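K.L.:
Residue-level listing of the chains:
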Amino acid sequence: MSKLSLLEGLTLDQVSLDSVGLRARVTLSGRISRSLVEELSRAKKEPEWMLRLRLRSLELFEKLPMPNWLVGIEELNLEELAHYIQPDVQRASSWEELPEEIRRAYERLGLPEIERKALLGLAAQLESENVYLAFRKFLEERGVILMDMSEAVARYPDLVRRYFMRVFPPSDHKFAALHGALWSGGVFLYVPPGVRVEAPIEAFFLIASELESQMEHTIVVAGEGSYVHFIEGCSAPLFKRYSFHNGMVEIYAHRNSHVKFTTIQNWSRNIVNFNNKRALVEEGATVEWVEGSIGSKISYVYPSAILRGEGARVSIANVTIARGATWKDSGAKVYHLAPNTASEVVSKSISAGGGVAVYRGLVRVARGARGSKAAVKCDSLILDKASKALTYPRNEVEEEDATVVHEATTGRLSEEVLFYLRSRGLEEREARRLVVLGYVGDVLGRLPYEYRLVLSKVLELEFEDIGGYA
Amino acid sequence: MKSYVELPYQRVADSPSVKYYTAWNVFDEYILGGRPAREAGFDRELLSKLGVKPDYVVTPSTPVEAPVKWPREPDRRLEAFHFSNISSSIEVHLEDSDAVVLLEKPLEGFHASHLNVTASGDSSLALLLLSPGGSRGLSTVSLHVDVAPGSRLRLTYAVFEARGSSTALMQALSVGEGSAVSQRVLLSGGRATLSELLSSLTGAGSSLSEGVLVAGLEGSSTTVVTDAVSSAARSTVRISLLGIATSGYIAHKGVVRVHRGASGSRASLSSRLVPLTQRARVYSFPSLEIESDDAEEARHSASNAPLEPERIFYLRARGFSHSEALRALLEAEARRALGGVDARGELVLPLAEHLLDAVTAELQ
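Sequence order for the protein chains is P and W. Per our numbering, residue -12 is the first one in the first sequence, and the count goes up by one each step. Per our numbering, residue -2 is the first one in the second sequence, and the count goes up by one each step.
For the record, the hints were derived by calculation from the structure and aren't laboratory data. Any given hint might turn out to be false.
Said to hold, decoys possible - Some chain W residues well away from chain P (every beta-carbon gap over 10 Å; in silico): (1) 26; (2) 30; (3) 36; (4) 41; (5) 44; (6) 51; (7) 59; (8) 60; (9) 82; (10) 129; (11) 143; (12) 147; (13) 201; (14) 281; (15) 289.
Stated by the list, open to error - On the chain P side, residues computed to face chain W include the following (Cβ under 8 Å): (16) 341; (17) 379; (18) 383; (19) 385; (20) 399.
Quick caveat, the model's predicted, so the values are computed rather than measured. Ideal Cβ positions, reconstructed from N, Cα and C, are used throughout, including at glycine.
Using the sequences and the accompanying hints, generate a full structural model.
P.N.:
Next up, the structure:
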């Protein structure tokens, strides 16, 4: 079955460990304490330095205050969550090696098909661990490392230690510290200098239980002059109770490298989603973040970049859908620390059915970042009276010859445009579809073709039953 | 009310990363250890240059003549300090009339004053705070402005500080049905200047056009808060700010809120901050909060960038000196921000010129 037809259903109700007849090998839940962290580290057979990092993070988590500007997380009770679930499955490098039920679940998500057609590597995480990881032999021969994060910690400790939580330290905020204490899963991708990985590599994360916290950690390291496109997909079936996602992505783009990082987040409507994403961009390097935030009930995601080397560039594009009783807080943060750095942020949000879409952004041009340029454009589309759009951009400039421009608009579907399209013979439904897809068109255009089709289709489905396309 | 020392400087929700965008430490010097002012004065030379005669002069010896009206309970330190220490208040009724209010600046210590303004018909009010050189005092001023339905009001506020003086200007403006308010605010210099302009469009068809011009001179710190709430149908808000920082700090924080029910309303907020030297620092935080699809259009823009070198080059190629070119470009930007000045806004022009003179003098 194709990914498109699967998404039309948007139901993953059978993908839980129980439903596929599997038991968890290890489950750690309850109060977040030193003994829980030690047990987690023991279960993952981690080296001493990682345990120390976890315990230091735990101390910070206990000390740091709960951010009091977060909205809608009253339901979140960390004590009742399972923080680590290790499925009783041996990690496979071909689909045939996986138990049939799990394979079928991933087939329903279209992963094997899309891997064959468009990807050079794929990691699939179920609960807290990767159950599938494969990538092309020729990349391995060129020195590319694509590995489960825990395995990378064991096999390449010096390399991983150089990067792990360096650009996003646990001291950043309470939930970064929580992540540092309890992370599990995620991948480590290292692209050696000069190597270009021409087709994307994907990691797919599936939460298959209610009252679970998933905290995968992904690191992408692009060596000097290299290129890589990493895609992250997320999905979860709808449970009675919520689950919590608190992932982290760190990108290290070395001199003159180019990294694209695309996220298609389609969590179910009872996932509380925090995601911590930050890139360190060296001289002449480019990072592109593309974020399609479709699902989840509450979401706080701000891809960010620290432009540390002269001529470093970042482009951040977000599409956020807030449909129904959801709070979608997204945005972008860019720190210009070196001369002649450039950033571009494009954010598009659509609120409908009482959803709240928030853009929260920061552009900071520090002293010394002479000649830097930043452009931010955020647009919000409100489809009905019950929905809201909030825009909070901040610009801090300490260099007199830096140029920072910001523009934001909030509006509704234009009656004039709809009238024009209808006068050209289009039905109301088709006219609305065109206007909404046109509205997010410049972000969709940044996705690979297969993913663009998927996201367009998801958008159509999202708005079909609430009048967006009616 | 809590003791003001226990209250926070700013609401936490204003700034998730607890970014203090105002020089609160300067205000704290007066809050924690200041004394009420005894002597006050004003820049006589500038007043005579402007050629206006004040209808009201508020000094530290002006008593509390009118009840203090304010739409909400003060919940921040400086605001609460002000309302706990008001020693002068006056009532200004405008009915198809114009008035000029001169606030004298304390030479030392602090002076807290309050104005209740009611306006109807076609009226104007100018508030002048022209600090004499050498002044080191703090003025805190609150204005409660109520505009009757079907009226037109032109408001002009000018706060020109000395190097060592500080001011907190707080406004609560309410605009009734079918009324139009045109407001121009000019702020220059000062150790710490805070201008909080809160406007509420409560009547259908009401409009607010607000232009703010700020000079961030050496050693100065200026924060402008422009908050507008639109809760009535067909209301229009247009806020435009130009901040020129030579070697001071300018922060602009503004929110435009469009509530549910404000059908067909329009709102725009623009912030243009121009750092002119390496010592200049600028910060902008313009926000939109749109609560339904009732708003016809809502937009904001912020630009923190120097003057375009191409334009300076063009003018220099036409025979302008560098400073003349700079001055011409700043004047053009200022006129745009102030949204043009109508025939009866004649006070705005000389005030803007005086402010730009101070900027160019410092650059030279």
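K.L.:
For every hint, state whether the structure bears it out.
P.N.:
Evaluation of the provided hints:
Non-interface call for residue 26 (chain W) relative to chain P: holds, since the shortest CB-CB distance, roughly 25 Å, exceeds 10 Å. A cut-off of 10 Å between C-beta atoms confirms that residue 30 (chain W) is not in contact with chain P; the least separation is 30 Å. Under the 10 Å C-beta cut-off, the non-interface status given to residue 36 (chain W) relative to chain P holds; the minimum distance is some 38 Å. Residue-level check passed: residue 41 (chain W) sits 35 Å from the nearest beta carbon of chain P, beyond 10 Å.
Every C-beta of chain P lies more than 10 Å from that of residue 44 (chain W), the closest at about 33 Å, which supports listing it as non-interface. At the 10 Å boundary, the C-beta of residue 51 (chain W) stays outside the reach of chain P, the nearest C-beta of that chain being 38 Å off. Annotated as non-interface, residue 59 (chain W) keeps its C-beta farther than 10 Å from every C-beta of chain P; the closest such distance is 40 Å. Residue 60 (chain W), annotated as away from the interface, keeps every beta carbon of chain P farther than 10 Å; the closest lies near 42 Å.
With a cut of 10 Å on Cβ distances, residue 82 (chain W) stays outside the contact zone with chain P, its closest approach being about 30 Å. Remark: the non-interface label on residue 129 (chain W) is consistent with the geometry, its nearest Cβ contact in chain P lying 31 Å away (cut-off 10 Å). With a least beta-carbon separation of about 29 Å from chain P, residue 143 (chain W) lies farther than 10 Å from that chain, consistent with its non-interface assignment. Listed as a non-interface residue, residue 147 (chain W) keeps its Cβ farther than 10 Å from every Cβ of chain P; the least gap is roughly 29 Å.
Separation of residue 201 (chain W) from chain P is adequate, the least Cβ-Cβ distance of about 18 Å exceeding the 10 Å criterion. The claim that residue 281 (chain W) lies off the interface is violated: its Cβ sits roughly 5 Å from the closest Cβ of chain P, which falls inside the 10 Å cut-off. Distance check for residue 289 (chain W) against chain P: the nearest CB is about 4 Å away, which does not clear 10 Å, and the non-interface claim fails. For the restraint placing residue 341 (chain P) at the interface with chain W, the shortest Cβ-Cβ distance is roughly 10 Å, beyond the 8 Å limit, so the hint is violated.
The closest approach between the C-beta of residue 379 (chain P) and any C-beta of chain W is roughly 5 Å, which is under the 8 Å cut-off, so the hint is satisfied. A hinted interface residue such as residue 383 (chain P) counts as satisfied when its beta carbon comes closer than 8 Å to some beta carbon of chain W; here the least separation is about 5 Å, so the hint holds. The interface hint given for residue 385 (chain P) is met, as the beta carbon of that residue sits about 5 Å from the closest beta carbon of chain W, less than 8 Å. The criterion of a C-beta within 8 Å of any C-beta in chain W is met by residue 399 (chain P), whose closest approach is roughly 4 Å, and the hint holds.
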